[in-house]
Amino acid sequence: ETGVTQTPRHLVMGMTNKKSLKCEQHLGHNAMYWYKQSAKKPLELMFVYSLEERVENNSVPSRFSPECPNSSHLFLHLHTLQPEDSALYLCASSQEGTSGTYEQYFGPGTRLTVT
Amino acid sequence: RKEVEQDPGPFNVPEGATVAFNCTYSNSASQSFFWYRQDCRKEPKLLMSVYSSGNEDGRFTAQLNRASQYISLLIRDSKLSDSATYLCVVTRSYKLSFGAGTTVTVRA
Numbered sequence: 001e002t003g004v005t006q007t008p009r010h011l012v013m014g015m016t017n018k019k020s021l022k023c024e025q026h027l028g029h030n031a032m033y034w035y036k037q038s039a040k041k042p043l044e045l046m047f048v049y050s051l052e053e054r055v056e057n058n059s060v061p062s063r064f065s066p067e068c069p070n071s072s073h074l075f076l077h078l079h080t081l082q083p084e085d086s087a088l089y090l091c092a093s094s095q096e097g098t099s100g101t102y103e104q105y106f107g108p109g110t111r112l113t114v115t
Numbered sequence: 001r002k003e004v005e006q007d008p009g010p011f012n013v014p015e016g017a018t019v020a021f022n023c024t025y026s027n028s029a030s031q032s033f034f035w036y037r038q039d040c041r042k043e044p045k046l047l048m049s050v051y052s053s054g055n056e057d058g059r060f061t062a063q064l065n066r067a068s069q070y071i072s073l074l075i076r077d078s079k080l081s082d083s084a085t086y087l088c089v090v091t092r093s094y095k096l097s098f099g100a101g102t103t104v105t106v107r108a
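Order-wise, the sequence lines are chains A and B. Numbered according to the working numbering, the first sequence spans residues 1 to 115. Numbered according to the working numbering, the second sequence spans residues 1 to 108.
Please keep in mind that the hints were generated in silico from the structure rather than gathered at the bench. Warning: the hint list may mix true and false statements.
Stated by the list, open to error - Heads up, simulated EDC-like pairs for lysine to aspartate or glutamate below, C-alpha to C-alpha not over 16 Å straight-line:
hint: 1; chain 1: A; residue 1: K22; chain 2: A; residue 2: E67
hint: 2; chain 1: A; residue 1: K41; chain 2: B; residue 2: D39
hint: 3; chain 1: B; residue 1: K45; chain 2: A; residue 2: E103
hint: 4; chain 1: A; residue 1: K40; chain 2: A; residue 2: E84
hint: 5; chain 1: B; residue 1: K42; chain 2: B; residue 2: D82
hint: 6; chain 1: A; residue 1: K18; chain 2: A; residue 2: D85
hint: 7; chain 1: A; residue 1: K40; chain 2: B; residue 2: D7
hint: 8; chain 1: A; residue 1: K41; chain 2: A; residue 2: E84
hint: 9; chain 1: B; residue 1: K79; chain 2: B; residue 2: D39
hint: 10; chain 1: A; residue 1: K40; chain 2: A; residue 2: D85
hint: 11; chain 1: B; residue 1: K95; chain 2: A; residue 2: E103
hint: 12; chain 1: A; residue 1: K41; chain 2: A; residue 2: D85
hint: 13; chain 1: B; residue 1: K95; chain 2: A; residue 2: E56
hint: 14; chain 1: B; residue 1: K95; chain 2: A; residue 2: E53
hint: 15; chain 1: B; residue 1: K95; chain 2: A; residue 2: E44
hint: 16; chain 1: A; residue 1: K40; chain 2: B; residue 2: E5
hint: 17; chain 1: A; residue 1: K41; chain 2: B; residue 2: E3
hint: 18; chain 1: A; residue 1: K36; chain 2: A; residue 2: E56
hint: 19; chain 1: A; residue 1: K40; chain 2: B; residue 2: D39
hint: 20; chain 1: B; residue 1: K2; chain 2: A; residue 2: E44
hint: 21; chain 1: B; residue 1: K95; chain 2: B; residue 2: E3
hint: 22; chain 1: A; residue 1: K41; chain 2: B; residue 2: D7
Construct all of the structure, not just a fragment, from the sequences and the given hints.
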């Protein structure tokens with residue numbers, strides 16, 4: 001496996017369900033990100049983990065709960081979601097360093113539908 | 001004011017044409033700049049970084065104007081495969097801010 005992978009690719013869940021999205025990066029990067037992309041809107045940064053510590057939480061509702069057990073894996077735990085949470089959820093990784101370029105590489109995304 | 005603004009388009013151009021579009025950013029402390037490409041229902045993919053002196057990658061040319069706080073992308077000799085949404089990305093430290101994208105459609 002190369003690059004950034006995400007599972008599942010598609011998810012349909014009810015508002016009372018609990019599910020988790022998984023992301024894995026095989027690039028040796030030290031930072032990982034969750035983004036939300038709704039139709040016709042820019043990508044919204046949700047969470048940033050740098051060296052396995054959460055460094056950014058962009059006012060995301062508590063029904064989204066991230067977890068980063070190590071530098072290669074990132075999870076997004078979902079519970080009691082709302083229909084407006086339906087979107088494409090993208091994971092990305094980058095190598096944080098002194099260069100400041102922070103090029104990010106994205107996984108294919110999980111298309112989530114909340115019914 | 002949005003942190004990154006782009007003309008949504010769409011830009012409809014014939015094959016072989018040149019198309020160019022800009023992106024403006026509001027934070028003068030922005031450090032790095034990129035163009036990403038996103039195909040329909042796919043993830044964004046890095047197209048090119050944008051350097052202060054301007055840079056070229058094949059048919060693609062990117063420019064940065066720090067004084068006026070905008071970056072540009074020019075595509076020469078457009079191909080059908082260039083049809084996509086082009087996302088302007090501006091960074092401060094690890095935080096990337098994305099524009100909503102400019103849609104380009106190249107027709108035969």
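To see whether the hints hold, each was checked on the structure:
no.: 1; hint: A:K22 <-> A:E67; result: holds (10 Å)
no.: 2; hint: A:K41 <-> B:D39; result: holds (15 Å)
no.: 3; hint: B:K45 <-> A:E103; result: holds (10 Å)
no.: 4; hint: A:K40 <-> A:E84; result: holds (14 Å)
no.: 5; hint: B:K42 <-> B:D82; result: holds (14 Å)
no.: 6; hint: A:K18 <-> A:D85; result: holds (14 Å)
no.: 7; hint: A:K40 <-> B:D7; result: holds (13 Å)
no.: 8; hint: A:K41 <-> A:E84; result: holds (13 Å)
no.: 9; hint: B:K79 <-> B:D39; result: holds (14 Å)
no.: 10; hint: A:K40 <-> A:D85; result: holds (14 Å)
no.: 11; hint: B:K95 <-> A:E103; result: holds (10 Å)
no.: 12; hint: A:K41 <-> A:D85; result: holds (13 Å)
no.: 13; hint: B:K95 <-> A:E56; result: holds (9 Å)
no.: 14; hint: B:K95 <-> A:E53; result: holds (15 Å)
no.: 15; hint: B:K95 <-> A:E44; result: holds (11 Å)
no.: 16; hint: A:K40 <-> B:E5; result: holds (13 Å)
no.: 17; hint: A:K41 <-> B:E3; result: holds (13 Å)
no.: 18; hint: A:K36 <-> A:E56; result: holds (14 Å)
no.: 19; hint: A:K40 <-> B:D39; result: holds (13 Å)
no.: 20; hint: B:K2 <-> A:E44; result: holds (12 Å)
no.: 21; hint: B:K95 <-> B:E3; result: holds (12 Å)
no.: 22; hint: A:K41 <-> B:D7; result: holds (13 Å)
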